[in-house]
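Go by the hints and put chain U onto chain R.
The lines below spell out each chain.
2 protein chains.
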Amino acid sequence: MRQTFDESTDPSFGPRHVPLIRKAMAEQGLDGFVTPHEDEHQNEYLPAANDRLAWATGFTGSAGAAVILKDKAAIFVDGRYTLQVRDQVDQGVFEIRDLVEGGVPAYLEAAAPKGSVIGYDPRLHSPDALEKLKAAAAKAGAQLKPVTPNPLDAAWGEARPPQPAAPISPHPLEYSGEESASKRHRLGEGLQARGADAAVVTAPASIAWLFNVRGGDVIRSPLPIGQAILNSDGSARLFLDPAKVTPELPAWLGNEVRLETPADLPQALSELKGKAVVVDPAVSSAWYFEALAEAGARVQRAEDPCLLPRACKNAVELAGAKRAHLRDGAALTRFLHWVATEGQSNPPDEIEAVSKLESFREATGALKDLSFDTIAGAASNGAIVHYRPTSRLNKRAQKGSLLLIDSGAQYLDGTTDVTRTVAIGEPTPEMRERFTLVLQGHLALARVKFPAGTTGSALDALARAPLWSRGLDYDHGTGHGVGSYLGVHEGPHRIAKQPNTVALRAGMIVSNEPGYYKEGGYGIRIENLQFVTEPQVPDGGERPMMGFETLTLAPLDRRLVAAEMLTAEERAQFDAYQARVLREIGPQTPADVAAWLQDACAPL
Amino acid sequence: MRQTFDESTDPSFGPRHVPLIRKAMAEQGLDGFVTPHEDEHQNEYLPAANDRLAWATGFTGSAGAAVILKDKAAIFVDGRYTLQVRDQVDQGVFEIRDLVEGGVPAYLEAAAPKGSVIGYDPRLHSPDALEKLKAAAAKAGAQLKPVTPNPLDAAWGEARPPQPAAPISPHPLEYSGEESASKRHRLGEGLQARGADAAVVTAPASIAWLFNVRGGDVIRSPLPIGQAILNSDGSARLFLDPAKVTPELPAWLGNEVRLETPADLPQALSELKGKAVVVDPAVSSAWYFEALAEAGARVQRAEDPCLLPRACKNAVELAGAKRAHLRDGAALTRFLHWVATEGQSNPPDEIEAVSKLESFREATGALKDLSFDTIAGAASNGAIVHYRPTSRLNKRAQKGSLLLIDSGAQYLDGTTDVTRTVAIGEPTPEMRERFTLVLQGHLALARVKFPAGTTGSALDALARAPLWSRGLDYDHGTGHGVGSYLGVHEGPHRIAKQPNTVALRAGMIVSNEPGYYKEGGYGIRIENLQFVTEPQVPDGGERPMMGFETLTLAPLDRRLVAAEMLTAEERAQFDAYQARVLREIGPQTPADVAAWLQDACAPL
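Note that the protein sequences, when read in sequence, are chains R and U.
Sequential numbering of the first sequence, starting at 1, is according to our numbering.
Sequential numbering of the second sequence, starting at 1, is according to our numbering.
Just chain R, same shape as in the assembly (with noise of 0.2 Å):
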């Protein structure tokens, strides 16, 4: 098994740790310290060594920040983690407090005494992040000191979990479709074209797609953490740490390339000077901004030049994509197939459905790593939007419940993240309109065709609309970018509320998952993965409209339609994708799947 059910942290940790971090800031002269979620990569799924918000409070969210003073310390956490911040942290060590209104600045600029010093790792903040806590600090009277090692470290000490070292590999043409040569020149045109002579780039994912290289630093992704310059003559250095490459690396990064450990970096930088050079302060950490600022480089605030051209798939990319969600639809489907029969005379506990899914992508022979920890939320567990099932938490699937599993899976050839919600027992006339519900968003998002220079912020409400119809919505986003064989979450595209001015283009990867979860009842999820076509002329029409082709292939439990809801055209769409299921995933299961699958997907 790869995923596991126990519990990294718990509330001691804070009681147990925060005592440590106050003698190590002693020995530093600080009166308090600042550490955020982050690590100095900006990943979402930390290494253990970086997860330095979990040490020290028991917090394991994917969002959050601690201050540590003297006498006194609270943590920050968004509306998405204040039931589980409550179950992980010890409030008699850490005050809770809403990241968002207010969050770090307006608690340092209320509890920093005048006069102290609070120390922060330049290594862990954005540039924008930092400057608000200076200003925060200035107006209490305090100062802000930048450290390293920080505290925090030097307290976790031996305890300490070494960093990662996976290696390194190259990840072919078969699958990249582009050779790296090919990206760094075109994108240092793209630098010169600015009039930028160099770009830093740190986000793990960027090094992996401009390299083609995948590494193992990063649970649930193949990310290889490294740093590089990228000039505009196309050339780069790459920053890697030498444990960690393999003997194959140096020939297949070439000539135009050179490696070089991340101890050369400070040095690589401070070349820099009287350069013009791009970095983007949403990936890189005010510690980049103030080495290249210290060199004399000329910075370029702009987005990683990665960024875009990344999250545009191209040809090569989208038929691995597609290979991989025929493979993971027909492991998927196995698992819902068992579901559906054994599941329903003996329903399963969230980790027996759990180990039973990742049975049928393991038997695939060709699984890397799940894409993140299956939720399985069997009834009430189902409405917790950021559940992960524990022995602890673990709770069996009921008659007439819902079990929601949103999963996913790394492939060389692609990642997956694919929800499905299905009906145990006989499902309430409730569960079923709600249900219906969701689809209709679903379907709303899948078939709409858009012109160019739409973003994913103007989509978001036809997947929302039917919901609202009836008072009722769901507290995340609609959809996020997905990598190529790399992280499930990626920018710079996203399907939201919230104001976007990205533009969707051909070939990003999307999800398109609406939900609706009844507190303490059940959890109802769709997710399907789609990506960007290109721009064509409907017939009849005049304008080019681009739209989504679907990705991910596996039934959707028709018990829980109540088909009287769907206008003609939704119910038509519904059995098209059924029927597509089928004709796809049928082929590439055994006969007593594929016989269930018949009945699964016959028309409404």
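It should be emphasised that the hints constitute simulated quantities derived from the structure, not laboratory data.
If you're wondering where the values come from, they're calculated on a predicted model, not measured in any experiment.
Each hint can be trusted.
Because identical chains share one entry, a pair is satisfied inside a single copy or across any pair of copies.
DSSO-like cross-link-like pairs, simulated, lysine-lysine; straight-line CA separation at most 27 Å:
id	residue 1	residue 2
1	K139	K275
2	K139	K273
3	K518	K497
4	K368	K322
5	K145	K70
6	K134	K23
This is chain U only, laid out in the frame that chain R set:
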């Protein structure tokens, strides 16, 4: 007749007026002069005296700019006006350029000779626009110099129409629903809360709203030109031309408002030394920022504090809007009856249609003005979005084609804006298909429910999706705010493709006007005004949702609806709207019109 059909300019304006401007430039030692379309009050519709761009070039569109150098000149317009500018402007004098792509700054950078002095009038430019002009001039090695009076006004001389001086009169509580004192104290508290001592208010619509007055300085809207300083204690200084002050006005304004003249304004601004003063760079020109900076005031760049409260109509304003729309809908219905009877046997020309419609509005006895010049577009003229009929362009409606009528009125109790598209003779299947697609978008935007925080840009796609699905679209926004006996286009909310961060709030009036335009063929637009309703939890739902209530009441042409394209829900919604028109408008019309309306509003 209020509307006229002559053209106020012709292409000889450039050849005749540019030499005069160049002479005045030379007398002021200038090598060039930049003028935008906007006037010193950032009005949309300009008093004739301030329509500088039209006088200099002949171009009468609602946005643009011109640069006049010693030996060449350019006019800048956006994509809406590419045809019109060629019709109105002599290209021997003015090179035509894109206002958006590069615009004036790029032209200045390339065309202004090194060492040259380019004049600008600081009252006409926003501070942000001015910064860009200055940067461009600096790159060209030229100097940008403020000039008052500017060489264009000097050249215009005695031929320039006088500044408007329409009397400013009280707008009674029965229409405004809130005393000016209440508004001023409410806004004053808001200023205190943000640590501001005062706000400079310059938008004529804000002056009108804040002091409950109406004027007549700008065509088609009852705007009073003036300026005010609102203090955080709720008191104010109001600067109005004494010629416009009616005897009753001082008592109406009360003790807390000091009535002064525009000549007193510079001194009043200089008295704000050391104060924190809110000014809105979107509506107040650079002149105010420079004057306040010179005075030593602490300028807070922020939205005009009247903008949002003005947009959210109170119960009295909404009741007035409903009365105005009943009255206006009855007049429009009489017109539609005329088109459907006499107009079918003897199709009118555009001017006849406009005149007839105006006569029905005039007959209400309550008409204060049109809210804009009626657009009547017969056949291919209907496809020109910013069309206005003139004697030269006037076209007769044709059998087998469409007539588009976009019109509105100003009444004391409300402002209307409505578009109907009617078939003359038998429409083609294509016309019915396209009308039905527009209708489906219109209905979707009329029935949508949405939670607090939703912006107009999040809803825009609902109105376009049916057209998009067939490769069609329209090149204008879907909805604009509308004032209460004020401007027919007002912010800050908007339903459009462009990202917008202003959430829709209860009481906001907004148009719902998708369209389709077949170049050289015909135009379709369906426009109703609707207002945002208070959030309430729908039956069986969980969360409060806002929605829209339709204000506009006039029948839609059922002969243009392809009923087989509609879902059952759309069909019921259409029938319910038509039934409401019959029920509410029928009793307001003469017997022959009411009888016709019975058939016109029959279910599909």
